[in-house]
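Protein chains: 2
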Amino acid sequence: MKILIVGLGLIGGSYCKAISGYTDNEVYGLDTNEDVIKKALNEGCISGEASADEFDSFDMVIVALHPIPAEKFMINNMSAFKKGCILTDVCGIKGDMSERLTIAAEKEGVHYVGTHPMAGKEHFGYDYSDGSLFIGANFIVAITEKTHKPSVLTIEKLAKKMGFHHIVETTPHDHDSVIAYTSQLAHVVSSAYVKSPTMQKELGFSAGSFKDMTRTATLNESMWTSLFLSNRECLTFEIDELIRHLQEYRDAIAENDAVTLQELLRVGRVLKEKNIEERTKERE
Amino acid sequence: MKILIVGLGLIGGSYCKAISGYTDNEVYGLDTNEDVIKKALNEGCISGEASADEFDSFDMVIVALHPIPAEKFMINNMSAFKKGCILTDVCGIKGDMSERLTIAAEKEGVHYVGTHPMAGKEHFGYDYSDGSLFIGANFIVAITEKTHKPSVLTIEKLAKKMGFHHIVETTPHDHDSVIAYTSQLAHVVSSAYVKSPTMQKELGFSAGSFKDMTRTATLNESMWTSLFLSNRECLTFEIDELIRHLQEYRDAIAENDAVTLQELLRVGRVLKEKNIEERTKERE
Numbered sequence: 097m098k099i100l101i102v103g104l105g106l107i108g109g110s111y112c113k114a115i116s117g118y119t120d121n122e123v124y125g126l127d128t129n130e131d132v133i134k135k136a137l138n139e140g141c142i143s144g145e146a147s148a149d150e151f152d153s154f155d156m157v158i159v160a161l162h163p164i165p166a167e168k169f170m171i172n173n174m175s176a177f178k179k180g181c182i183l184t185d186v187c188g189i190k191g192d193m194s195e196r197l198t199i200a201a202e203k204e205g206v207h208y209v210g211t212h213p214m215a216g217k218e219h220f221g222y223d224y225s226d227g228s229l230f231i232g233a234n235f236i237v238a239i240t241e242k243t244h245k246p247s248v249l250t251i252e253k254l255a256k257k258m259g260f261h262h263i264v265e266t267t268p269h270d271h272d273s274v275i276a277y278t279s280q281l282a283h284v285v286s287s288a289y290v291k292s293p294t295m296q297k298e299l300g301f302s303a304g305s306f307k308d309m310t311r312t313a314t315l316n317e318s319m320w321t322s323l324f325l326s327n328r329e330c331l332t333f334e335i336d337e338l339i340r341h342l343q344e345y346r347d348a349i350a351e352n353d354a355v356t357l358q359e360l361l362r363v364g365r366v367l368k369e370k371n372i373e374e375r376t377k378e379r380e
Numbered sequence: 097m098k099i100l101i102v103g104l105g106l107i108g109g110s111y112c113k114a115i116s117g118y119t120d121n122e123v124y125g126l127d128t129n130e131d132v133i134k135k136a137l138n139e140g141c142i143s144g145e146a147s148a149d150e151f152d153s154f155d156m157v158i159v160a161l162h163p164i165p166a167e168k169f170m171i172n173n174m175s176a177f178k179k180g181c182i183l184t185d186v187c188g189i190k191g192d193m194s195e196r197l198t199i200a201a202e203k204e205g206v207h208y209v210g211t212h213p214m215a216g217k218e219h220f221g222y223d224y225s226d227g228s229l230f231i232g233a234n235f236i237v238a239i240t241e242k243t244h245k246p247s248v249l250t251i252e253k254l255a256k257k258m259g260f261h262h263i264v265e266t267t268p269h270d271h272d273s274v275i276a277y278t279s280q281l282a283h284v285v286s287s288a289y290v291k292s293p294t295m296q297k298e299l300g301f302s303a304g305s306f307k308d309m310t311r312t313a314t315l316n317e318s319m320w321t322s323l324f325l326s327n328r329e330c331l332t333f334e335i336d337e338l339i340r341h342l343q344e345y346r347d348a349i350a351e352n353d354a355v356t357l358q359e360l361l362r363v364g365r366v367l368k369e370k371n372i373e374e375r376t377k378e379r380e
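As you go down the protein sequences, you meet chains D and B in turn.
Counting along the first sequence from 1, when you hit position 76 you're at 172 in this note's numbering, and nothing is skipped either side.
Counting along the second sequence from 1, when you hit position 147 you're at 243 in this note's numbering, and nothing is skipped either side.
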């Protein structure tokens, strides 16, 4: 296939490197930053830069922009893509956008499939991109009733070749509700965690657990604001759930209630152990 | 030195391996579990098992038990240790215990110094012990007005040889207030995080951030209950702080307030970036 990747940031750049590195497809790039295009050409992970009048030459277009510009780009250029081509995005939110894009695409004879590669880093931009980023990672495909099934299979085959391990098909709304917990809540916690006044004294006093808790606090606030606000209901639910549980530990500690506290910790341990067991089974 | 390590769990076992592996000291072990002693002897990380009537032959006694049994063991055996020997523990809580033990030890001519190796794993027991566990880690020494300074220097020299990178001297109470944030709060969050009902759907939907958030939920609930309750005031303060900050994000998200949300995330990013910068400087 001739594949166009739009937006060569951390994820788009990593897609260029993974697809050109591990598959036989031809990869072209598009980015508003000319330096990034030059770097990608020099590193050989794209065969060329695409221009808007060539959009109809691509069999697959992968839009790796933030959610709002991604939807805008797809809607604005829908009639310029090749009839029968596959159009996909890598946005961390699916919801109503997937339905809107599926309908708009089919009107132009284009097959839209929303996906979400579950990989990332606490940094952003092409310079952090890495062709091995997806090895062993999860790949989510958000499928609506109108989604073109053969295009889903083509995308999943490509994802496997890029190194993704586990491919999950779900609905856009189920995607958003689970992602609110597994990814968005984690980013909220990291960002909130660093705000204790004690943070100013942590040097020399911490180990792995502090590092893990605060790793993603360096997030790109513009993108994450957009992701969080597109998923308000689910994310609010998860923050409320976490606060409610934290309050239980807090009260047991403040009341010096060893029995309750130990039981709270035991239940958490058992839940996590069960989760590790299920993951191990799934990997076998 | 002839060193006795009491309690060959994750930390005690790792001490045996690091001291016997990286230093010229002679290491002996004591554990209620005979199988663990046999394993340590077979692995060559102890030269022998110590018995209570030989306590006075050791130049240093390192007690690697949970806080309550650790203090009990030290108090009960104080008169049995060699005059002038160094007595230390590795408990994650220092507070009043350090004062009590320093006084009780000096009465018997023993030099007590409380320490806290900032390294661990989400598992416990000798089988997970590892001689390289402390390489690059922080080592905290809790010093009171009555602490015997030459013994502090001896312990710090040993810690350096074991691989610890950064040695911090602090007071027992400052130790507890910072540890509440860098370590205890992180364990509370992990344990609370796994309790969302969405946890049951996470398989295939998560990446590094979920893994980081929940890693320490497999903690040993008996030890952590004891650590948390010994540090009630500081830990309650940190949980309250985190809840208060989480609530700010929650409200901005629920109210669809992009300006406030983006500012909350920006402040978190800047705090974390400053922290990374300070850590980098400190390592240079």
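Worth flagging that the hints you see were computed from the coordinates, not collected in a lab.
Owing to the predicted nature of the structure, the values given are computational and were not obtained by experimental measurement.
Take the hints with a grain of salt, since some may be wrong.
[To be verified] Taking lysine-lysine pairs in the BS3-like style, the calculated list, with each CA pair at most 30 angstroms apart, reads: (1) D:Lys135 - D:Lys257; (2) D:Lys297 - B:Lys307; (3) D:Lys253 - B:Lys297; (4) B:Lys168 - D:Lys217; (5) D:Lys377 - D:Lys217; (6) B:Lys168 - B:Lys256; (7) D:Lys217 - D:Lys291; (8) B:Lys370 - D:Lys135.
Evaluation of the provided hints:
With a C-alpha separation of about 24 angstroms, the suggested pair Lys135 (chain D) and Lys257 (chain D) falls inside the 30 angstroms cut-off, and the hint holds. For a cut-off of 30 angstroms, the pair hint linking Lys297 (chain D) to Lys307 (chain B) stands: about 26 angstroms separates their Cα positions. This hinted pair checks out: Lys253 (chain D) and Lys297 (chain B) have alpha carbons roughly 24 angstroms apart, not beyond 30 angstroms. For the proposed pair Lys168 (chain B) and Lys217 (chain D), the alpha carbon gap of about 46 angstroms is over 30 angstroms, so the pair is violated.
This hinted pair checks out: Lys377 (chain D) and Lys217 (chain D) have alpha carbons roughly 26 angstroms apart, not beyond 30 angstroms. The straight-line distance between the Cα atoms of Lys168 (chain B) and Lys256 (chain B) is roughly 28 angstroms, inside the 30 angstroms bound, and the hint therefore holds. Distance check on the hinted pair: Lys217 (chain D) and Lys291 (chain D) sit about 21 angstroms apart at the alpha-carbon level, within 30 angstroms; holds. Pair hint Lys370 (chain B) plus Lys135 (chain D) holds up; C-alpha atoms about 29 angstroms apart against a cutoff of 30 angstroms.
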